[in-house]
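As they're listed, the protein sequences go chains S and L.
Using my numbering, the first residue of the first sequence is number 2, and each one after it goes up by one.
Using my numbering, the first residue of the second sequence is number 275, and each one after it goes up by one.
Since the hints were derived computationally from the structure, they do not count as laboratory data.
Honestly, I wouldn't trust all of these hints.
In silico SDA-like links for lysine to any residue, alpha-carbon gap of 20 Å or less [stated by the list, open to error]: (1) S:Lys-38 <-> L:Ala-311; (2) S:Lys-79 <-> L:Ala-311; (3) S:Lys-352 <-> L:Ala-397; (4) S:Lys-352 <-> L:Ser-394; (5) S:Lys-203 <-> S:Asp-67; (6) S:Lys-137 <-> L:Ala-297; (7) L:Lys-497 <-> L:Ala-606; (8) S:Lys-38 <-> S:Asp-67; (9) S:Lys-137 <-> L:Ala-311; (10) S:Lys-137 <-> L:Asp-307; (11) S:Lys-352 <-> L:Val-396; (12) S:Lys-137 <-> L:Arg-315; (13) S:Lys-109 <-> S:Pro-49; (14) S:Lys-303 <-> S:Val-255; (15) S:Lys-137 <-> L:Asn-295; (16) S:Lys-303 <-> S:Ser-332; (17) S:Lys-352 <-> S:Pro-96; (18) S:Lys-109 <-> S:Thr-75; (19) S:Lys-303 <-> S:Ser-257; (20) S:Lys-137 <-> L:Ala-280; (21) S:Lys-303 <-> S:Ala-256; (22) S:Lys-79 <-> S:Thr-353; (23) S:Lys-137 <-> L:Ser-309; (24) S:Lys-38 <-> L:Met-328; (25) S:Lys-137 <-> L:Ala-606; (26) S:Lys-137 <-> L:Thr-303; (27) S:Lys-137 <-> L:Arg-298; (28) S:Lys-137 <-> S:Val-159; (29) S:Lys-79 <-> L:Val-310; (30) S:Lys-70 <-> S:Ser-149; (31) S:Lys-137 <-> L:Met-328; (32) S:Lys-352 <-> L:Asp-307; (33) S:Lys-203 <-> S:Ile-30; (34) S:Lys-79 <-> L:Ser-309; (35) S:Lys-283 <-> S:Gly-300; (36) S:Lys-352 <-> L:Ile-601; (37) S:Lys-137 <-> L:Ser-394.
Distance windows between CB atoms, simulated [stated by the list, open to error]: (38) L:Thr-405 <-> S:Glu-290: 45 to 51 Å; (39) L:Arg-315 <-> S:Asp-80: 28 to 34 Å; (40) S:Lys-70 <-> L:Ala-537: 47 to 53 Å.
Remember, predicted model here, so these are calculated numbers, not experimental data.
All residues carry an ideal CB built from backbone N, CA and C; glycine is no exception.
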Amino acid sequence: MRTRITVVTAGIAAALLTVAASRPGTPSIVHHGVGAKLQSISALAIGPNGVLYAADPQAATIYALDLAKLASATPGTKDVTNIDRQIASVLGTAPSELTISDLKVEPKSHNSFVAVTRGQGPDAQAVLMRVDGAGKVDVVSLDNISFSSLALPNAPDVSPNGGGNRSQSITNLQYLNGRVYIAGLSNEEFASKLWAVGYPFKEADRGTSVEIFHGSHGRLETRSPVYTFLPMTVNGQQDLIAAYLCTPLVRFPVASLSAGQKVRGTTIAELGAGNRPIDMIKYSKDGNEYLLMSNTSRGVMKIPTRDFGTDRAITTPIEGTAGIGYETIASLTGVQQLDLLDATHAVVVAKTSSGMNLQAVALP
Amino acid sequence: MPNRGAPAIVATGTRAARDTNLARVLIVTVQPDDSVAVAGRYHRRGDRIEFQPMFPLDPGRAYYARLVLPDTTIRARLVVPGGNGIASATIFRSTPTTDTVPENLLRMYLEFSDMMSRESGVAHIHLLDDTGREVQHAFLPLDGDFWNPAHTRYTVFFDPGRVKRGILPNDEMGRPLRAGRAYTLVVDSTWRDAHGQPLTRSFRRTLVATPAVIAPITLADWKVTAPKAGTRDSLTVRFPRSLDRGLLDRAIGVETSDGQSVAGTTVIGAGERRWSFVPTDAWAARDYRIVVLSILEDVAGNQVDHPFEVDLFEKVDSTAQPTRYTIPFTAAR
Numbered sequence: 002m003r004t005r006i007t008v009v010t011a012g013i014a015a016a017l018l019t020v021a022a023s024r025p026g027t028p029s030i031v032h033h034g035v036g037a038k039l040q041s042i043s044a045l046a047i048g049p050n051g052v053l054y055a056a057d058p059q060a061a062t063i064y065a066l067d068l069a070k071l072a073s074a075t076p077g078t079k080d081v082t083n084i085d086r087q088i089a090s091v092l093g094t095a096p097s098e099l100t101i102s103d104l105k106v107e108p109k110s111h112n113s114f115v116a117v118t119r120g121q122g123p124d125a126q127a128v129l130m131r132v133d134g135a136g137k138v139d140v141v142s143l144d145n146i147s148f149s150s151l152a153l154p155n156a157p158d159v160s161p162n163g164g165g166n167r168s169q170s171i172t173n174l175q176y177l178n179g180r181v182y183i184a185g186l187s188n189e190e191f192a193s194k195l196w197a198v199g200y201p202f203k204e205a206d207r208g209t210s211v212e213i214f215h216g217s218h219g220r221l222e223t224r225s226p227v228y229t230f231l232p233m234t235v236n237g238q239q240d241l242i243a244a245y246l247c248t249p250l251v252r253f254p255v256a257s258l259s260a261g262q263k264v265r266g267t268t269i270a271e272l273g274a275g276n277r278p279i280d281m282i283k284y285s286k287d288g289n290e291y292l293l294m295s296n297t298s299r300g301v302m303k304i305p306t307r308d309f310g311t312d313r314a315i316t317t318p319i320e321g322t323a324g325i326g327y328e329t330i331a332s333l334t335g336v337q338q339l340d341l342l343d344a345t346h347a348v349v350v351a352k353t354s355s356g357m358n359l360q361a362v363a364l365p
Numbered sequence: 275m276p277n278r279g280a281p282a283i284v285a286t287g288t289r290a291a292r293d294t295n296l297a298r299v300l301i302v303t304v305q306p307d308d309s310v311a312v313a314g315r316y317h318r319r320g321d322r323i324e325f326q327p328m329f330p331l332d333p334g335r336a337y338y339a340r341l342v343l344p345d346t347t348i349r350a351r352l353v354v355p356g357g358n359g360i361a362s363a364t365i366f367r368s369t370p371t372t373d374t375v376p377e378n379l380l381r382m383y384l385e386f387s388d389m390m391s392r393e394s395g396v397a398h399i400h401l402l403d404d405t406g407r408e409v410q411h412a413f414l415p416l417d418g419d420f421w422n423p424a425h426t427r428y429t430v431f432f433d434p435g436r437v438k439r440g441i442l443p444n445d446e447m448g449r450p451l452r453a454g455r456a457y458t459l460v461v462d463s464t465w466r467d468a469h470g471q472p473l474t475r476s477f478r479r480t481l482v483a484t485p486a487v488i489a490p491i492t493l494a495d496w497k498v499t500a501p502k503a504g505t506r507d508s509l510t511v512r513f514p515r516s517l518d519r520g521l522l523d524r525a526i527g528v529e530t531s532d533g534q535s536v537a538g539t540t541v542i543g544a545g546e547r548r549w550s551f552v553p554t555d556a557w558a559a560r561d562y563r564i565v566v567l568s569i570l571e572d573v574a575g576n577q578v579d580h581p582f583e584v585d586l587f588e589k590v591d592s593t594a595q596p597t598r599y600t601i602p603f604t605a606a607r
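Please build the complete structure, drawing on both the sequences and the hints.
Okay, here's the thing in structure tokens:
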């Protein structure tokens with residue numbers, strides 16, 4: 002028989018994922034199962050015991066994926082030039098069809114997990130990918146992965162039109178001491194919202210919606226959303242350090258994040274206008290602790306944390322930046338994703354003129 | 275992965291292939307001779323090797339297949355049918371629909387005739403001043419998440435750090451809009467729809483900036499026209515200023531005086547200064563109330579009893595539910 006290669010369409014195309022956000026109106030808000038089907042994927046977080054948390058903003062749901070039984074790969078994360086092209090090649094599409102929303106390093110394997118959306122249209126698919134120590138880029142099949150999920154509370158509405166046009170993005174997730182912290186931003190309300198939910202997810206716990214205010218120039222800023230945050234111990238107290246849009250850095254105690262409590266954050270730095278923080282990590286070097294924060298238009302900032310506990314709240318008008326000082330790391334440009342790889346290196350995904358590169362960089 | 279029934283790539287006449295690892299026999303790539311193969315599953319049936327990609331192949335895109343046999347390699351360029359779409363999407367409305375907007379305008383909505391791609395609009399949206407120069411950093415540098423779930427309405431956020439007085443970006447750059455000046459909002463046709471096609475044409479509209487609106491929404495200023503009992507006449511509420519279109523759709527409703535929600539449809543008009551409600555069933559001769567959630571805002575972000583410019587210190591909200599304000603009215607005979 003003649004040898005030939007053809008495209009064959011067998012039967013009907015696979016059902017497209019529903020685009021309309023499911024408004025979680027079912028009584029059950031927690032689901033457990035195997036083979037999570039995410040409608041979308043944005044922020045990731047790593048918890049203990051091999052659990053990876055993934056936000057599905059389209060479904061307003063947080064998934065906890067138990068990756069403990071995931072087949073192991075070569076430990077580490079090896080540099081991948083043109084990571085966008087590599088991912089596109091594996092997924093059978095072009096880099097322009099991809100959105101890379103987050104990257105997190107699993108601290109035991111040091112593999113990088115990447116949240117990817119394949120496609121720009123109604124049939125776009127959420128994909129979790131892994132980059133290993135051999136530079137292998139592959140799809141993490143969720144088919145045999147146990148999960149539990151938690152639906153976030155419905156958007157408020159009283160109109161017969163309902164919330165049909167409202168969507169909720171989830172900008173950042175963090176796991177800390179049995180709770181998952183979720184920062185989000187809606188396309189309608191412009192407001193600072195943070196949820197804290199216990200893990201394992203429980204039916205009765207829809208989480209606490211927290212409004213964190215911070216003093217700035219003698220005013221109290223209540224609206225600007227948190228874009229990235231991380232837990233940190235300051236003066237022996239567990240705090241969250243949060244970076245807001247345009248771009249105050251704010252510290253507030255985790256202990257205050259319980260229902261009915263007022264939460265007042267302390268603005269410890271103003272990092273400048275026209276900017277959105279992307280990612281933040283903390284690390285130690287030469288006996289000092291630092292934050293490293295990537296930004297859309299102000300590069301990567303190295304911020305010493307030693308003065309975070311001195312409560313130098315910014316309360317008077319300032320020009321430019323103020324409060325805790327920082328150093329812009331000139332060698333790190335175009336950084337779209339940033340996470341800690343190990344004690345001495347970070348993994349970044351950086352945009353260059355020829356594409357996006359994933360690389361390990363020495364902590365500055 | 276959900277791809278059964280989607281197009282597969284099939285090689286026939288492959289009896290000569292000895293390698294049992296079919297991923298080394300039939301290699302499908304996006305670029306010619308790419309070292310990274312498209313992920314998928316292989317099946318061998320007789321002299322057929324079938325490759326089922328993990329994700330549906332893109333219509334109209336060329337894929338490259340190599341069939342590696344002991345004495346030869348056969349190459350093929352394969353194009354999945356489809357993908358020859360034509361541009362059809364336009365912007366049919368932007369809100370506020372008023373010609374004038376306060377200089378502290380916080381957000382606008384762009385409504386598209388067709389489903390759009392997931393990409394961010396920031397690169398496609400420009401604000402030009404009355405000399406034709408682009409106003410820099412007018413909008414928030416947000417990523418691509420500000421669509422409604424159907425991807426037909428996009429929210430344009432003016433940078434609130436510039437809109438709000440007394441915080442750093444405002445001190446540095448002032449507001450993007452200045453009262454008394456005219457601006458043009460331009461949306462490039464390069465913005466892609468859900469099928470990868472550009473808009474049929476670019477979009478332009480003029481905005482004339484008026485002085486900032488810094489007072490909160492005051493419900494006492496609303497003019498309510500109550501309907502007659504026994505009719506399905508509209509309940510109409512007129513506002514002295516334009517309210518945010520997105521929140522108007524969600525944050526006002528009607529219930530009976532004992533708290534039962536009333537079903538009906540709403541119409542928003544007159545430059546987002548009028549809200550009308552037609553009940554599904556005729557009004558009863560009784561007391562009702564209009565319910566307004568505290569999330570309702572005017573176009574400058576002022577909420578009910580809570581101006582955007584002055585921040586209050588409130589308690590943590592354990593239910594995530596906003597405050598409900600009510601305006602009583604009576605459907606009389």
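Going through the hints against the structure:
1. As the CA atoms of Lys-38 of chain S and Ala-311 of chain L are separated by approximately 24 Å, the hinted pair breaks the 20 Å bound.
2. Between Lys-79 of chain S and Ala-311 of chain L the alpha-carbon distance is near 19 Å, which keeps this suggested pair within the 20 Å criterion.
3. For the hint linking Lys-352 of chain S to Ala-397 of chain L, the alpha-carbon distance of about 16 Å falls within 20 Å, and the restraint holds.
4. Annotation: proposed proximity of Lys-352 of chain S to Ser-394 of chain L holds, straight-line Cα distance about 17 Å (limit 20 Å).
5. Proposed proximity of Lys-203 of chain S and Asp-67 of chain S is supported: the alpha carbons are some 17 Å apart, at most 20 Å.
6. Distance check on the hinted pair: Lys-137 of chain S and Ala-297 of chain L sit about 15 Å apart at the alpha-carbon level, within 20 Å; holds.
7. As the CA atoms of Lys-497 of chain L and Ala-606 of chain L are separated by approximately 17 Å, the hinted pair is consistent with the 20 Å bound.
8. In summary, the hint linking Lys-38 of chain S to Asp-67 of chain S is supported, as the alpha carbons are separated by about 14 Å, within the 20 Å threshold.
9. Among the hinted pairs, Lys-137 of chain S with Ala-311 of chain L is consistent with the structure: their alpha-carbon atoms are about 12 Å apart, no more than 20 Å.
10. About 18 Å separates the Cα atoms of Lys-137 of chain S and Asp-307 of chain L, which keeps this hinted pair within 20 Å; it holds.
11. A hinted pair counts as satisfied when its Cα atoms are at most 20 Å apart, and Lys-352 of chain S with Val-396 of chain L qualifies at roughly 18 Å.
12. Only pairs whose Cα atoms come within 20 Å are accepted, and Lys-137 of chain S paired with Arg-315 of chain L is accepted, the gap being roughly 18 Å.
13. The straight-line distance between the Cα atoms of Lys-109 of chain S and Pro-49 of chain S is roughly 10 Å, inside the 20 Å bound, and the hint therefore holds.
14. Using a Cα cut-off of 20 Å, the hinted pair Lys-303 of chain S and Val-255 of chain S is violated, with the two alpha carbons roughly 24 Å apart.
15. Taking the CA atoms of Lys-137 of chain S and Asn-295 of chain L, the gap is near 18 Å; set against the 20 Å cutoff, the hint holds.
16. As the CA atoms of Lys-303 of chain S and Ser-332 of chain S are separated by approximately 12 Å, the hinted pair is consistent with the 20 Å bound.
17. Distance hint between Lys-352 of chain S and Pro-96 of chain S is fulfilled; the C-alpha atoms sit about 12 Å from each other, no more than 20 Å.
18. Under the criterion of a C-alpha separation no larger than 20 Å, the hint pairing Lys-109 of chain S with Thr-75 of chain S is consistent with the structure, at around 12 Å.
19. This hinted pair does not check out: Lys-303 of chain S and Ser-257 of chain S have alpha carbons roughly 27 Å apart, beyond 20 Å.
20. For the hint linking Lys-137 of chain S to Ala-280 of chain L, the alpha-carbon distance of about 26 Å lies beyond 20 Å, and the restraint is violated.
21. A C-alpha spacing of about 27 Å is found between Lys-303 of chain S and Ala-256 of chain S, which places the hinted pair above 20 Å, so the restraint is violated.
22. Simply put, Lys-79 of chain S and Thr-353 of chain S have alpha-carbon atoms about 18 Å apart, close enough for the 20 Å limit, and the pair holds.
23. Under the criterion of a C-alpha separation no larger than 20 Å, the hint pairing Lys-137 of chain S with Ser-309 of chain L is consistent with the structure, at around 12 Å.
24. Note on Lys-38 of chain S and Met-328 of chain L: the hinted pairing holds, with a Cα-Cα distance of about 14 Å set against a maximum of 20 Å.
25. At most 20 Å may separate the alpha-carbon atoms for a hinted pair to count; Lys-137 of chain S and Ala-606 of chain L exceed this at roughly 73 Å.
26. Simply put, Lys-137 of chain S and Thr-303 of chain L have alpha-carbon atoms about 16 Å apart, close enough for the 20 Å limit, and the pair holds.
27. Annotation: proposed proximity of Lys-137 of chain S to Arg-298 of chain L holds, straight-line Cα distance about 16 Å (limit 20 Å).
28. As the CA atoms of Lys-137 of chain S and Val-159 of chain S are separated by approximately 50 Å, the hinted pair breaks the 20 Å bound.
29. Proximity of Lys-79 of chain S to Val-310 of chain L is assessed by CA-CA distance (about 16 Å); at most 20 Å being required, the pair is judged to hold.
30. Proposed proximity of Lys-70 of chain S and Ser-149 of chain S is supported: the alpha carbons are some 15 Å apart, at most 20 Å.
31. Restraint check for Lys-137 of chain S and Met-328 of chain L: satisfied, since their Cα atoms lie roughly 17 Å apart, inside the 20 Å limit.
32. Restraint check for Lys-352 of chain S and Asp-307 of chain L: not satisfied, since their Cα atoms lie roughly 25 Å apart, outside the 20 Å limit.
33. Pair hint Lys-203 of chain S plus Ile-30 of chain S holds up; C-alpha atoms about 8 Å apart against a cutoff of 20 Å.
34. Our distance criterion of 20 Å between C-alpha atoms is met by Lys-79 of chain S and Ser-309 of chain L, whose separation comes to about 17 Å.
35. Among the hinted pairs, Lys-283 of chain S with Gly-300 of chain S is consistent with the structure: their alpha-carbon atoms are about 16 Å apart, no more than 20 Å.
36. With a CA separation close to 53 Å, the supplied pair Lys-352 of chain S and Ile-601 of chain L exceeds the 20 Å bound.
37. Proximity of Lys-137 of chain S to Ser-394 of chain L is assessed by CA-CA distance (about 29 Å); at most 20 Å being required, the pair is judged violated.
38. Between Thr-405 of chain L and Glu-290 of chain S, the C-beta spacing of about 49 Å keeps the proposed range 45 to 51 Å intact.
39. Roughly 29 Å separates the CB atoms of Arg-315 of chain L and Asp-80 of chain S, a value that falls within the hinted 28 to 34 Å.
40. At about 49 Å, the beta-carbon gap between Lys-70 of chain S and Ala-537 of chain L stays in the expected band of 47 to 53 Å.
In terms of the numbered hints stated before, the structure departs from hints 1, 14, 19, 20, 21, 25, 28, 32, 36 and 37, listed from lowest to highest.
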